[in-house]
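Q: What follows is the residue order along each chain.
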Amino acid sequence: MNLEPVIGLEVHVQLATESKIFCGCPNAFGGEPNSRICAVCLGYPGTLPVLNRAAVDQAVRLSLSLDATINQRSVFARKNYFYPDLPKGYQISQFDLPLAEWGTLPLSDGSALSITRLHLEEDAGKLLHEMPGGGELPGESLVDFNRCGVPLLEIVTEPDLRSAGSAQDALQRLHQVLRFTGTSDGNMEEGSFRCDANVSLRPVGREAYGEKVEVKNLNSFRNVARSILHEIERQTLVLESGQLVVQETRSFDASNGTTASLRSKEEAHDYRYFPEPDLPPLLIDDARLQSLAGALPERPWARADRLRSEFGLTGDDAHLLTQSVELAEYFEEATKCLPENPLGIANWIKTEVLRELKRPDAPPAANWLAPAKLAGLVGMIDNGSLSGSGAKEVFAEIWESHEDPHRATERLGLAQVNDEGQLEAWLQQALKANRGPTEQLLAGEHRVVAFLVGQVMKLSQGSADPRWIRERLLEWSRANGAP
Amino acid sequence: MLSSSEIKHIAGLAKLRLSAEEVQGLGADLSRVLDYIALLDGVAVDETVAKQDTDPQTRADVPSAGLDVEAFLNNAPKDLDRFLLVPAIK
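Chains as they are written, first to last, in this note's numbering: chain A, 1 to 483; chain B, 1 to 90.
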């Protein structure tokens, strides 16, 4: 049986706001447990939610960035379930009238993933099943309500993905979009970007979908791909042995790369959605929609296109430099300091900077070497005051120390001498001290050039530009009768 | 009249364990509650319109102080290191 995987994604994005979605508690991560709570997000009797305008704006921005259609009238709904992380006994979400529908996410291979819907909702609290330090907690769980009421945009895609790799790509692209538009910090470790994957298999050529499994607990792009690969393998074995896949929710265990059943369809929740009576329908008028659409931050693919046309980068380089908003900003900032050589800066970022950023202990963007200093370094190569290899040495020195590149060059004695009188003197000195090779050079034997360049470099203690010396030697030999 | 399986389903969602007698009794009680609420079906509400001229329905994104954690935990049966302590969730 030739089986094909069918994959759809559900992503929860915490929106970048100062306060929670229905109350004034700060929207932040970490801190003391239960330090950002109030009567509203705890659902105390008699309290009423009031919608945060900024959460709506961020959600609309992100929806528009995915070319989704905004429903100018959407409705909040109560999703009822009983769980200790949900003090009200229901989550305020959206159900039959979501904020936005039918978006598009461009993928790396040129195809596009359809987005079914995007809706606003509030996050739940957090449960801990062991002590924060790691101690056992038999028979009990800890509850921290700080996350209760943090604004979320839930993004649901069509089941149009056919491989684990394309699912990972889609998530990375989506993550890129929200980072470029500043609508979320997208921090996966802190849970700002959480993903569930729906995976099913069907015989190739059949239109109807197979029984689907929802995989939860995916906290990295790589684990999304791993869990999907595992599910494809597991479901293939089930189907090939003549059994049926059970529709259920499974949890991914990153330690061994497998999934385990959380709950089956029979135990699935009955959420009893109904319109939230405490909130009026959310209306977004034309003026607000137009102002948000008009001020939409540049999306990653648009930025890559602009880098190509504005700075003459290749498609690959533009793609590389827009893999994160920080890197794109870094490139453009550096280019402002050295507008005459954007390609040189791009090359340095591609090689030296990216090499540093791939290290496990790479600093956050705020602690990268200032773009002006990188531009200064590239400028020194361009004006001949520093050799390419010298510049690499200087870069390695200043990447962490943030020292000024000119000062570091001086301190390391790597400054190239540009004084042609001085260079000529060293050259003549080298020729006089090496009669034999000089004769050979005059006889047209170019293999001695490297030796003579080396002699001049020695006299200059490495401060001469070897390319200049080489050209000058050849020029001198021709002027003195060499063929 | 709500069936006993409907009552058991609702009780399950509310994490309630009911005896056979309670299922019987609640079936009758809940059915009466629903019958009473069904009076609303006879009221014409289609014409009800919320008029909003200025946007009173939303708030500016300004953080404000909330509840003191002590006051919150004083309402809880059990707590530990500023956390609420609840029976284990599997």
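Errors might be hidden in some of the hints.
In silico negatives: residues of chain B with every beta carbon more than 10 Å from chain A [to be verified]:
(1) L18
(2) V23
(3) R32
(4) A44
(5) V45
(6) G66
(7) V69
(8) K78
(9) L84
Have a look at the derived ranges for each label pair, beta carbon to beta carbon [said to hold, decoys possible]:
(10) A:N347 / B:A88: 54 to 60 Å
(11) B:A65 / A:P281: 40 to 46 Å
(12) B:H9 / A:T69: 43 to 49 Å
It should be emphasised that the hints constitute simulated quantities derived from the structure, not laboratory data.
Cβ coordinates follow ideal geometry from the N, Cα and C atoms, glycine included.
Q: Taking each numbered hint in turn, which are not upheld by the structure, reported in ascending numerical order?
A: Going through the list in order, the structure violates hints 6, 7, 8, 9, 11, 12 and respects the others.
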